[in-house]
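Asks: Letter by letter, the chains look like this.
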Amino acid sequence: FTRPARPLGPYDTSEAITPYAQATSYNNFYEFGTDKSDPARMAASLKTRPWTVRIDGEVRKPMTVDIDTLQGWFPLEDRVYRMRCVEGWSMVMPWLGFPLAALIRRMEPTSKAKYVQFTALLDPKQFPGQRQPVLKWPYVEGLRLDEALHPLAFMAVGLDGRVLPGQNGAPLRLAVPWKYGFKSIKSVVRITLTEKQPQTTWALAAPQEYGFYANVNPAVPHPRWSQATERRIGELGRRKTLPFNGYAEQVAGLYRGMDLRRSF
Amino acid sequence: MGGLIPAAVLIADALSGQLGANPIQRATLQTGLLTLALLVLSLACTPLRLLTGWTWPARIRKALGLLAFGYGVLHFLIYLLDHSFDLTLMTEDVLKRPFITAGFTALLLLVPLALTSTPRAVKRLGFQRWTRLHQLAYVAVSLGALHYYWGVKKDHTPPLIYAAVIATLFLIRFLKRRPTRPGRQVGSRPAKP
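Which chain is which? The protein sequence lines are U and X, in order. Going letter by letter, the first sequence gives residues 1369 to 1632 in the numbering used here. Going letter by letter, the second sequence gives residues 15 to 207 in the numbering used here.
No wet-lab data here; the hints were simulated from the structure. Check each hint, because a few of them may be wrong.
As the list claims (entries may be wrong) - Cross-link-like lysine-lysine pairs, in silico, DSS-like; alpha carbons within 30 Å at most:
1. U:Lys1415 / X:Lys168
2. U:Lys1564 / U:Lys1480
3. X:Lys168 / U:Lys1564
4. U:Lys1429 / U:Lys1480
5. U:Lys1564 / U:Lys1504
6. U:Lys1493 / U:Lys1480
7. X:Lys110 / X:Lys76
8. X:Lys110 / X:Lys168
9. X:Lys168 / X:Lys76
10. U:Lys1504 / U:Lys1415
11. X:Lys168 / U:Lys1493
12. X:Lys76 / U:Lys1608
13. U:Lys1608 / X:Lys137
14. U:Lys1564 / U:Lys1482
15. X:Lys168 / U:Lys1504
16. U:Lys1493 / U:Lys1415
17. U:Lys1429 / U:Lys1608
18. X:Lys137 / X:Lys76
A quick note: this is a predicted structure, and the numbers were derived from the prediction, not measured.
The whole structure should be built from the sequences, with the hints applied where relevant.
Replies: Listed below in structure tokens is the structure:
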């Protein structure tokens, strides 16, 4: 990876960026298979053009838009984000994309819109992993509207200044760096504003282990392992996991008054 | 000796960076799988003999059991390395996380078995007591499979395959048990001179 040739922005981390080879070969993307090497091996079966995104629900102008048109609406920005997987490892990823807030404002939410639901592509031909019922397909995720409007919430279309590789969620993925990686849904085909809290794939699969919020929280262990530490990919030792993955200053206010042990 | 090949491959892979982006996690998984597989193989020896009448499985049983123990110890050492040999963290894990409790107990159960794997130990304990002690391997392999099942995030197929194989081996033992003949009960054998 090369660090973007620009001064660091307010949301960038200055930590060492994970090498491109590792960030593109060690992935959880069960649509391609449950092994971490499956996505890189199978990614060629995903056709990311043409690709359309359906925008609907509590919006004034529901529409289906081509991915190139959609990303042309916004100036693309670099964001160097930490990514913490719920399994206890982490990376530093140089995303390229646009703030989710910009897209949502353009969608013109109605006054009923309280949540954002994301749906990934359902196509067992392109996603061989979807032939196994490991998870309920298609993958769905969601955010509260205020979380989605937070300037850290980002839609990535590229990595390291290049087009996003299939294994990293091409052609359009979410990046919410203060939450465990599974919240950052990949290969999005539909964005729906809703009144009610949407269902999310991992909470459907194991509700006692994965909640709707999934904020990175070292104080709340996964039922089967601790979340106190993590391994940064490329390092041998472990480092302490930080509340909200180190973004507490920016996002803790979103959860004021909430018991994050219960709303995990 | 052949049983050490996986260890050599693992070390070669580690040195050449073939273990991928998260080598410690990969090494943990591979040594864990080897432990379970070798333990299952060692427990397959008797059912195999019962079914086929072959004697060679019984001759390699001890080697398989000891290899399983060796890879179990390696698996545990890599886990400790992963946690910077922090024994407080380890104790917390063992006490608070059933998945670790199961794996740790399985390894502990294998310790007395490894220590009594010599012909001398069989003699010292007496065959009956030795056999009963070594039935702990059944508990250890079951806990090992449970440890694997609880350890995976979602795809439970591989651990369930192990569990099915273990259950089948138990079933064969149960069905092929030598019928107890009248007049020949436990402890009725003449005492050794």
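Asks: Looking at the structure, which of the earlier hints fail to hold?
Replies: Numbers 6, 7, 9, 12, 13, 17 - these are the hints that the structure violates, sorted from lowest upward.
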